[in-house]
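K.L.:
Listed below, chain by chain, are the residues.
There are 2 protein chains.
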Amino acid sequence: MLHGLMQDRPLLISDILDFAERHHGDTAVISRRVEGGIHRSSYAACAARARQVANAVEAERLAMSDRVGTLAWNGYRHVELYFGVAGSGRVLHTINPRLHPDQVAWIVNHADDRIICFDLSFLDLIGQIRDRCPGVKKWVVLCGPERLSDEDRASGLVSYEEWLAAQPIEYRWPVLDEHSASALCYTSGTTGDPKAVLYSHRSTVLHAYAIALPDAMAFSARDTLLPLVPMFHVNAWGIPYAAALTGAKLVLPGPQLNGASVYELIAAEGVTFVAGVPTVLQTLIAHVEAGRLGFGSLNRVVIGGAACPPAMLRELRENHGLEAIHSWGMTEMSPLGTLCTMKAKHNDLSADQQLPLRAKQGRAIFGVDMKIMDDTGTDLPWDGVSQGHLMVRGHWVVSSYFGAGGDKPVVDADGWFATGDVATIDADGFMQITDRSKDVIKSGGEWISSIEIENVAMAHPDVAMAACIGIPHPKWDERPILVVVPRPGASVDRAALLASYQGKIAKWQIPDDVVVVDSIPLGATGKMLKIRLREQLQDYQLP
Amino acid sequence: MLHGLMQDRPLLISDILDFAERHHGDTAVISRRVEGGIHRSSYAACAARARQVANAVEAERLAMSDRVGTLAWNGYRHVELYFGVAGSGRVLHTINPRLHPDQVAWIVNHADDRIICFDLSFLDLIGQIRDRCPGVKKWVVLCGPERLSDEDRASGLVSYEEWLAAQPIEYRWPVLDEHSASALCYTSGTTGDPKAVLYSHRSTVLHAYAIALPDAMAFSARDTLLPLVPMFHVNAWGIPYAAALTGAKLVLPGPQLNGASVYELIAAEGVTFVAGVPTVLQTLIAHVEAGRLGFGSLNRVVIGGAACPPAMLRELRENHGLEAIHSWGMTEMSPLGTLCTMKAKHNDLSADQQLPLRAKQGRAIFGVDMKIMDDTGTDLPWDGVSQGHLMVRGHWVVSSYFGAGGDKPVVDADGWFATGDVATIDADGFMQITDRSKDVIKSGGEWISSIEIENVAMAHPDVAMAACIGIPHPKWDERPILVVVPRPGASVDRAALLASYQGKIAKWQIPDDVVVVDSIPLGATGKMLKIRLREQLQDYQLP
Chain X
15 MLHGLMQDRP LLISDILDFA ERHHGDTAVI SRRVEGGIHR SSYAACAARA
65 RQVANAVEAE RLAMSDRVGT LAWNGYRHVE LYFGVAGSGR VLHTINPRLH
115 PDQVAWIVNH ADDRIICFDL SFLDLIGQIR DRCPGVKKWV VLCGPERLSD
165 EDRASGLVSY EEWLAAQPIE YRWPVLDEHS ASALCYTSGT TGDPKAVLYS
215 HRSTVLHAYA IALPDAMAFS ARDTLLPLVP MFHVNAWGIP YAAALTGAKL
265 VLPGPQLNGA SVYELIAAEG VTFVAGVPTV LQTLIAHVEA GRLGFGSLNR
315 VVIGGAACPP AMLRELRENH GLEAIHSWGM TEMSPLGTLC TMKAKHNDLS
365 ADQQLPLRAK QGRAIFGVDM KIMDDTGTDL PWDGVSQGHL MVRGHWVVSS
415 YFGAGGDKPV VDADGWFATG DVATIDADGF MQITDRSKDV IKSGGEWISS
465 IEIENVAMAH PDVAMAACIG IPHPKWDERP ILVVVPRPGA SVDRAALLAS
515 YQGKIAKWQI PDDVVVVDSI PLGATGKMLK IRLREQLQDY QLP
Chain B
15 MLHGLMQDRP LLISDILDFA ERHHGDTAVI SRRVEGGIHR SSYAACAARA
65 RQVANAVEAE RLAMSDRVGT LAWNGYRHVE LYFGVAGSGR VLHTINPRLH
115 PDQVAWIVNH ADDRIICFDL SFLDLIGQIR DRCPGVKKWV VLCGPERLSD
165 EDRASGLVSY EEWLAAQPIE YRWPVLDEHS ASALCYTSGT TGDPKAVLYS
215 HRSTVLHAYA IALPDAMAFS ARDTLLPLVP MFHVNAWGIP YAAALTGAKL
265 VLPGPQLNGA SVYELIAAEG VTFVAGVPTV LQTLIAHVEA GRLGFGSLNR
315 VVIGGAACPP AMLRELRENH GLEAIHSWGM TEMSPLGTLC TMKAKHNDLS
365 ADQQLPLRAK QGRAIFGVDM KIMDDTGTDL PWDGVSQGHL MVRGHWVVSS
415 YFGAGGDKPV VDADGWFATG DVATIDADGF MQITDRSKDV IKSGGEWISS
465 IEIENVAMAH PDVAMAACIG IPHPKWDERP ILVVVPRPGA SVDRAALLAS
515 YQGKIAKWQI PDDVVVVDSI PLGATGKMLK IRLREQLQDY QLP
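In order, the protein sequences belong to chains X and B. With our numbering applied, the first sequence corresponds to residues 15 to 557, in that order. With our numbering applied, the second sequence corresponds to residues 15 to 557, in that order.
Just chain X, same shape as in the assembly:
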């Protein structure tokens, strides 16, 4: 094959930062600090300090590809670590500080982290794991020296500002192979041990291009971006990279995700874009509505991490004039797979007519492809009705997990990765998650969405929490039952609850029984652990 004669340059994360420094050097990076107060930085300052990070990592004699862990909120120092660590050829490992200390220690050791950089908020957590993580040679606290006690120092902690101050700002980014590992992120692991996804420079840069497109998050140098999604959750959905790639102003909320704090940042900094999970956004909306405030310069909201209630989509649009964009992805996808932006053909629909479409998870951005298939591996039609296992492939989709024994591929022969979700896709390519593959109930050859069953139950005034699970059945394979926790002070009437399903779903989909319990087991990220629930109900018999 004849090769093209264009410049062959690797796609590198350091190039994103160089670009931001050269072309958007005075664009602000604003952070609410753990120590209190608002910190004002810029891409130029960020780039200089990222080079100091790289020098500091070199000074610690880390080998190429060694991991640097972070336990940190969204803030400028975390951004510096994102670029400085990856740019230097090492791997940034963001750790979810909300996990149990045992899990944090397990993850640090599994990743073989050499340095851990952490916010002051996590001093106690670090105290609990330090002795169990012998591979870590340096513990860096993301603060100035004045914040460390003599005891802290004596125990070997160093402040980030001291660590950087010892380093020059001059550094020449290495020209890496673009396939080099850049960042590491562990899944929440509701079943079994967490799995480690290892991103590359190439996958990160391509993902950053794609998520900045008009039909994705639409980032420009006129935007001010506030990622409410934590930087320890799949790189804050890639927003820090895409912000620098487009020269957008970045506003980072630190540990304060309550409505008042977030609203203050939006108003003070002219935020145009926020992204987050529904629960955090709900807190913000509640604050705005309680105070009869306006959202000011904000014009759009990307919602992901969990299905967004249609009522919230409607509220954001009707009450606040915001474009509410539903999105879907996963750690294994860097994370963005789909966003729910309209096509030209939907221009003439009213907001009400668009709502059912906007409640879907959306359509693929170029760079990822998707399909649905049945249990036998046969592709299912894109008719908006057929439910199947959602499969994805693309430039920023996982091929295998890190440290999972021989790096064995987790994709099929055609390169498709099973998301573990069950979904429909309509003729226009709009995908809607209907269930998790392990939760969907298979009854008489048809699939029943446990989520759909739960949503109906949750609308009932007496129900605080509801889980739908499949129980083995001699004739139908499985039949759904509903496990509910009553609201405090309320009691759940089995017949009345089942009657409430009439007319809402097909008759054969209505659960066979209701089991009332005191609580349903939840995982670290608040998801119901149905596997545990099934264990608890192992002696249960269908009526």
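Calculated from the structure, these hints are not laboratory results. You may find that some hints are simply not true.
Identical chains share a label here; the pair holds if one copy fits it or two copies do between them.
As the list claims (entries may be wrong) - Below 25 Å or equal to it, Euclidean Cα-Cα: the simulated SDA-like pairs (lysine to any residue) are:
1. 151 with 15
2. 209 with 186
3. 209 with 512
4. 422 with 191
5. 521 with 403
Nothing here was measured: the structure is a model prediction, and the numbers come from that model.
Add chain B to chain X, keeping to what the hints say.
P.N.:
Just chain B now, with coordinates in the frame of chain X:
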């Protein structure tokens, strides 16, 4: 180095088409045909026919990387060839049909084209070159069989529709090395032979991502794009690729670039975006203003290929409410380098205050970088005043020319390509072309922009055309003189013309003399050939 564990898939042009077919299959591709009438296609139809193109190319037993030439206007068949030829692993070679037949023959032979596909408009041209291009084994006319005469057939011409009809629509795109050559484009070659730029799949896909960004052309699935720039000019600035990548509707004007025809398409098809050179856009604006029409759904215009007069930028904005985006690039850059979109800091400027900024060529999109340097290779400051040689580098910038003897690199040791332009860059990264490197006048260590001198002369009512060139000077190295063609019926008064420079430019920049001529030599694309003008004036003596 540890590699990331993400899917390693090549960046391929065929993936763009697959994506458009799967996710935007019913999105329209509308064309005005050479044969008359409007043709309605879709990405699904386009993809099926592109696969037929690939099968047809295979049936001709073309080797991988063999070239398929086109002499064609903007139309659906040309789009099918773009994707079908490149997707199959061959190289699409778009030829400028406005060149002299001798040049076309030279280019076809230099490229070693195996098949030529051409619009009916170019039957005569092909008749003139066929015998001189023995390497071409097939001549395909982009029409149905009914358009070919018996004589045409007897001479070996085949119609495109017959050629395709013989082929199945099933075809499995080869998984190519992403560095494989995909398309070939010759520069206009105002000096010496045309130079050949060979694009790769990788450079094309990355360019498509970048030009679709909000700060570039901002393409979405709600857009209807009308490229007035021909598909034989640097792949219509990459618009066909980026349209498919985003699922935007595509409207192709065929050979009719007059105001009435273009306006008819804009109105009938709900066009939201046009891109073209200033002269073609001027024709469109004149039509709209003469008929007191509105631009309807159109909301933005990208202008490139030549500097856009500030008056046109103002007119589009003030009279028509359109966003007029100045842009800059070159064949060697795929072509996009900069676009002039505002930053957040410019939000508060009035339209009048923004105008001087919008008249600049704009700022870089991520993926290309630029700098200016003096004759000694020293970098110059980004102060908006210092003029220097404009250097670029990036993923879609040329590294060497095709067939130019040993593929010797045309970049310096740090990978920078000399654009041949002279420019300033301001502190915000906005670049403005002030001259061509070979045209700038170097007087007493300072650079005088020939373009700036010419613009002042062109504003004079008696001047039809003006060229400023440097004449050797014993003390100042060079001094500028002005060569002018008077308007019909007018005569140019030397002293009055020179007096008109007072207060407009620095005194030492005012030309030393005015030479009145009947005509100034022009090249094939309408550019002044100053090299020829200098030859004509070789006996000229400064006063």
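K.L.:
State the violated hints by number, sorted upward, taking the hints as numbered earlier in the document.
P.N.:
2 and 3
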